[in-house]
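Same order as they appear, the protein sequences are chains A and B.
In terms of this note's numbering, the numbers along the first sequence are unbroken and rise by one, the last being 455.
In terms of this note's numbering, the numbers along the second sequence are unbroken and rise by one, the last being 249.
In case anyone wonders, no lab produced these hints; they're calculated from the structure.
Since we're looking at a predicted model, the values are computed, not measured.
Where is the CB? At the ideal position from N, CA and C, for every residue including glycine.
Misleading hints may appear alongside valid ones.
Unchecked claim - Heads up, simulated DSS-like pairs for lysine-lysine below, C-alpha to C-alpha not over 27 Å straight-line:
id: 1; chain 1: A; residue 1: Lys-455; chain 2: A; residue 2: Lys-152
id: 2; chain 1: A; residue 1: Lys-455; chain 2: A; residue 2: Lys-48
id: 3; chain 1: B; residue 1: Lys-176; chain 2: B; residue 2: Lys-226
id: 4; chain 1: A; residue 1: Lys-48; chain 2: B; residue 2: Lys-226
id: 5; chain 1: A; residue 1: Lys-152; chain 2: A; residue 2: Lys-317
id: 6; chain 1: A; residue 1: Lys-317; chain 2: A; residue 2: Lys-391
id: 7; chain 1: A; residue 1: Lys-240; chain 2: B; residue 2: Lys-176
id: 8; chain 1: A; residue 1: Lys-240; chain 2: B; residue 2: Lys-67
id: 9; chain 1: B; residue 1: Lys-67; chain 2: B; residue 2: Lys-226
To be verified - Selected chain B positions facing chain A (Cβ under 7 Å, derived; list incomplete):
id: 10; residue: Met-79
id: 11; residue: Ala-141
id: 12; residue: Ser-188
id: 13; residue: Glu-190
id: 14; residue: Ala-194
id: 15; residue: Glu-197
id: 16; residue: Asn-201
id: 17; residue: Val-220
id: 18; residue: Ser-221
id: 19; residue: Glu-225
Single-letter residue listing:
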Amino acid sequence: MIVSLPGKSLTLRFLLSFLLMSGLACGVQAQDWVHIETNQGNPKIVVAAADFKAGSADPLTGGLKSAFDQTLYNDLRAAGILDVVSKSMIPNATPGTPQEINLAQWAAAPSSAAYVAFGTLGVNGGRLMVQGYLYQTANSPNAQVLGKQYTDNANVQASREIAHRFADEIIQQLGGIPGIAETKIYYVSNRTGNKEIWVMDYDGMNERQLTHLGTVSLSPRVSPDNARVAFSSLGKNGWSLRMFSLDLNRLVAFPAWGDTTLSPAWSSDGSRLAFSSARTGDPDIYVCDASGNGEHRVTAFRGPDVSPTWNPKSNAQIAWISGRTGLPQVYIMDADGGNVQRLTDGGYASAPSWSPNGELLAFAWNRSYGPGAPGGEDIYVMDIASKRWTQLTHGEGANDAPSWAPDGRHIVFQREMGGHTEIWMMLADGTNQQQLTHGGGSNTMPNWSWK
Amino acid sequence: MQRMNRNSWFVAASLAAMLTIAGCHKKTPAPPPPPAPPASAPTPVAEINANPDSINPGDASVLTWKTTDANTVSIVGMGAVATSGTTTVHPTQTTTYHLIAQGDGGSADATATVTVNAGGPPPANNVGESNIDENAFEAAVKPVFYDYDSYDVRPDAQSTIQADANYLNQHPELKVVVGGYCDERGSTEYNLALGENRANAAKQALVSAGVSPGRLRTVSYGKEKQFCTDHTEACWQQNRRAQFTLDQ
Chain A
5 MIVSLPGKSL
15 TLRFLLSFLL
25 MSGLACGVQA
35 QDWVHIETNQ
45 GNPKIVVAAA
55 DFKAGSADPL
65 TGGLKSAFDQ
75 TLYNDLRAAG
85 ILDVVSKSMI
95 PNATPGTPQE
105 INLAQWAAAP
115 SSAAYVAFGT
125 LGVNGGRLMV
135 QGYLYQTANS
145 PNAQVLGKQY
155 TDNANVQASR
165 EIAHRFADEI
175 IQQLGGIPGI
185 AETKIYYVSN
195 RTGNKEIWVM
205 DYDGMNERQL
215 THLGTVSLSP
225 RVSPDNARVA
235 FSSLGKNGWS
245 LRMFSLDLNR
255 LVAFPAWGDT
265 TLSPAWSSDG
275 SRLAFSSART
285 GDPDIYVCDA
295 SGNGEHRVTA
305 FRGPDVSPTW
315 NPKSNAQIAW
325 ISGRTGLPQV
335 YIMDADGGNV
345 QRLTDGGYAS
355 APSWSPNGEL
365 LAFAWNRSYG
375 PGAPGGEDIY
385 VMDIASKRWT
395 QLTHGEGAND
405 APSWAPDGRH
415 IVFQREMGGH
425 TEIWMMLADG
435 TNQQQLTHGG
445 GSNTMPNWSW
455 K
Chain B
2 MQRMNRNSWF
12 VAASLAAMLT
22 IAGCHKKTPA
32 PPPPPAPPAS
42 APTPVAEINA
52 NPDSINPGDA
62 SVLTWKTTDA
72 NTVSIVGMGA
82 VATSGTTTVH
92 PTQTTTYHLI
102 AQGDGGSADA
112 TATVTVNAGG
122 PPPANNVGES
132 NIDENAFEAA
142 VKPVFYDYDS
152 YDVRPDAQST
162 IQADANYLNQ
172 HPELKVVVGG
182 YCDERGSTEY
192 NLALGENRAN
202 AAKQALVSAG
212 VSPGRLRTVS
222 YGKEKQFCTD
232 HTEACWQQNR
242 RAQFTLDQ
C-alpha cells in the first residue's frame with residue numbers, strides 16, 4: 005500500500021521526545037519556554053483539499069458545499085500532522101471524480117501536494133450525497149488511497165458531520181491514529197444566567213445546552229462510551245454528583261450524597277468514578293462504581309483534595325490536587341491510595357488531565373502565585389516518569405482546566421482575558437492556539453470526549 | 002473578678018427562680034410579703050428601640066433592646082427574652098412593645114411603638130415561630146473571615162465565634178447553614194474544596210463553643226458566589242469567609 009507513515013507509537017514518541025529534549029536542553033531547575041517543532045525530523049505530509057464539485061442544481065447545494073469545504077479544510081489543518089496547502093495555492097479546479105482530476109497539476113508547484121482530497125457534493129430528493137476521494141499525486145497505478153460515499157439529511161449540520169467523518173478517514177490514513185474531527189467538547193457556560201452543562205463539536209460549532217437546572221453545575225466529564233456526562237451541581241443540600249444521559253437526553257438517577265461532592269472523573273474502562281467528597285468534614289478523594297455504588301475513600305489528608313484524573317492506560321493510578329501542605333499541588337498515587345508522590349515543586353497547581361498514553365499530565369500552574377505576586381496562570385505538561393515539564397501557554401490571559409484530546413496531540417483549555425473566559429484548543433506543544441467559543445457569557449471547564 | 006460576677010449572678014438567678022416557683026403556688030393561702038431588695042442591688046435600666054418605627058403593612062421592623070442589672074426580661078406578648086438582643090417583628094397594626102426588666106434592685110420598663118401605615122399590601126407571614134428573619138439573623142450572627150488560601154479560624158475571629166455561639170445558644174430552635182466562600186483567584190474546583198474546609202472550620206469552632214453539631218450544615222460556595230466583585234485585596238478579604246444563614 006502507498007501509505008507508509010508514522011504509526012501510533014511514533015506519534016506518541018514525538019511528544020515525549022520533545023519533552024525530554026526540553027528537559028535536557030535547559031536542565032530541570034531552569035526549564036522555560038523552548039521552541040520544539042512537533043514534527044522535527046518528520047516533515048509534515050503535504051495535503052491539498054480541493055473545493056468539492058457541486059453535484060446537483062438544488063438550491064441547497066451551494067450552502068451545504070460551502071460548509072463542507074470549509075469544515076474539511078479546517079479539520080485537516082487542525083489535525084496538526086498535515087501541511088495543508090493554502091486555498092490560494094491550489095489549482096483552480098474542482099474535480100468531482102477520479103476521471104476528472106489531473107494529479108500532476110496538484111503535484112506541481114505551488115501546490116506541491118503529496119495527496120489531494122476531492123469529490124462531489126449534491127442534493128437529491130432532500131438527501132445530501134457526498135463522494136469523497138483521497139489520491140496520492142505521485143504517478144502510481146495505486147493512486148487511490150480512499151474512496152468514500154456518504155448520505156445524510158440535507159442540512160448544514162449533516163454536511164459538516166460528513167466533512168468531519170471524511171477528514172477523520174484521511175487523518176487516520178496519513179497519521180496512523182484516529183482523528184478528532186468527530187469528537188465533542190463538554191463545558192460549562194453561564195450564558196443563560198446560570199452555569200449549565202453544554203456540548204459543542206471539537207471545532208466550536210454546534211453548541212448545545214444539555215442541563216437546565218437553574219443552579220450552578222460544574223466539572224462535566226463524559227463517559228468513555230459517550231453515553232453519559234457526570235458533573236457536580238449545587239442543590240439545597242450542597243454539591244452532589246449528577247448524571248446526564250446523552251441517549252435519553254435527560255438526567256438519570258445517581259446517588260446524591262451531599263457532603264460537597266465534586267469533580268467526577270471516569271476511569272477509561274467506564275467502570276469507575278473518582279471524585280472529591282467531604283463527608284468526613286474534610287474533602288478527600290473517593291472512588292465508586294459507574295452506578296454510584298461501592299464508594300470508598302482513597303485519601304485521608306487534612307485539607308482540600310480535589311480534581312482527580314485516572315491514568316487512562318492502566319486505571320491503576322490517580323493524579324489529583326491536594327492542599328495538604330498549603331498551596332495546591334499535583335500528586336499521583338495508586339488507585340488504592342498507596343505510593344503517594346508529589347509532582348509539582350511549588351506555586352499554585354490545578355486541574356490535572358492525564359494523557360491518553362499514560363505518560364504525561366497536563367495541568368494549570370501559577371509558579372509565582374501568592375499575595376503580591378499575581379503571576380501568570382499557564383498550562384503545563386509534565387512527563388510523569390522524569391517530572392520534567394514544559395510550559396505551553398505564556399501569559400496570554402489566565403489559563404486553566406486543560407483536557408487532552410483522545411489523539412494525545414491536542415489540548416483544550418479555558419483562557420480568561422479581558423474579563424471573560426473562553427475555550428481554546430492547541431497542539432500539545434502549545435502551538436496552533438485557536439479560540440473555540442466566542443462570547444455569550446463565560447465558557448469554562450472543557451472536557452474532551454474519549455472518541 | 003469574672004468569677005465573682007458569675008457567682009453573684011448565680012445567686013440572683015436562683016433567687017429569682019425561687020420567687021417564680023413560689024409565685025406559681027396558687028394554693029398558697031397567704032402570699033409572703035415581698036422580700037425587700039438587697040440594699041446594695043442597683044436599679045435595672047431598660048431601653049428598647051424599633052427601627053424603623055413606621056412601616057407599611059407586611060413590612061418588618063427590628064426591635065433592639067438592652068438592659069442592665071436585670072435578671073428577668075420580657076416583652077409583653079412575647080414572653081421572656083434575653084437581657085439584650087434583637088428580634089424582627091411584623092405588626093399588622095400600630096403596636097407598642099413593652100419591655101419589662103426585673104432585677105434585684107427593682108424593675109424598669111421601656112416601650113417602643115411601631116406605627117403601621119394604612120393601606121399597602123397584606124401582611125406577610127412571620128418567618129417561623131422564632132420570629133427571626135434572615136436579616137435579623139445575619140445582623141446578629143456575624144461571618145468569620147479567613148486568610149488567603151487558609152481555613153484556620155484566626156485569633157481575631159474567636160470573639161465573633163463566641164458571640165455567634167452565644168446567640169445560637171440563646172435560640173436553640175434555629176438551624177443554620179454554614180457557607181464557605183473564597184475569593185475569585187485560582188481554580189474553581191480547588192476553591193470549592195477549600196470553601197468546604199472553611200465552612201467546616203467555622204462549624205467546628207461553633208461546636209467547641211457549645212452549639213450542637215446537629216443544628217449546623219455546611220455548604221461550600223467556593224468562588225461561585227461573591228460578596229464583593231472588585232479585584233482588590235480588600236474585596237478578596239470580604240469574600241474569604243464563612244457566612245451563617247438560617248437553614249429553612
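Hints, one by one, checked against the model:
With a CA separation close to 21 Å, the supplied pair Lys-455/A and Lys-152/A stays within the 27 Å bound. For the hint linking Lys-455/A to Lys-48/A, the alpha-carbon distance of about 24 Å falls within 27 Å, and the restraint holds. With a C-alpha separation of about 22 Å, the suggested pairing of Lys-176/B with Lys-226/B holds against the 27 Å cut-off. Proximity of Lys-48/A to Lys-226/B is assessed by CA-CA distance (about 48 Å); at most 27 Å being required, the pair is judged violated.
A hinted pair counts as satisfied when its Cα atoms are at most 27 Å apart, and Lys-152/A with Lys-317/A does not qualify at roughly 32 Å. Of the supplied pair hints, the one linking Lys-317/A and Lys-391/A holds, its CA atoms being roughly 18 Å apart against a limit of 27 Å. Among the hinted pairs, Lys-240/A with Lys-176/B is consistent with the structure: their alpha-carbon atoms are about 14 Å apart, no more than 27 Å. This hinted pair does not check out: Lys-240/A and Lys-67/B have alpha carbons roughly 36 Å apart, beyond 27 Å.
In summary, the hint linking Lys-67/B to Lys-226/B is not supported, as the alpha carbons are separated by about 35 Å, beyond the 27 Å threshold. Taken as an interface hint, Met-79/B does not check out: its beta carbon lies about 31 Å from the nearest beta carbon of chain A, beyond 7 Å. A distance limit of 7 Å between C-beta atoms decides the matter here; for Ala-141/B the minimum to chain A is near 24 Å, and the interface restraint is violated. Residue-level restraint check for Ser-188/B holds (minimum Cβ-Cβ distance to chain A is 3 Å; threshold 7 Å).
This hint holds: Glu-190/B has a C-beta 5 Å from the nearest C-beta of chain A, less than the 7 Å allowed. The restraint placing Ala-194/B at the interface with chain A holds, with a minimum CB-CB distance near 3 Å, inside the 7 Å limit. Checking Glu-197/B against chain A: minimum C-beta separation of about 4 Å stays under 7 Å; hint holds. Of the supplied interface hints, the one on Asn-201/B holds, with its beta-carbon coming within about 5 Å of a beta-carbon of chain A, less than 7 Å.
At its closest, the beta carbon of Val-220/B sits 4 Å from a beta carbon of chain A; the interface hint therefore holds under the 7 Å criterion. With its C-beta approaching chain A no nearer than about 5 Å, Ser-221/B sits inside the 7 Å limit, and its interface hint holds. At a threshold of 7 Å, the smallest CB-CB gap from Glu-225/B to chain A is about 5 Å, leaving the interface hint in force.
The structure shown violates the earlier hints numbered 4, 5, 8, 9, 10 and 11.
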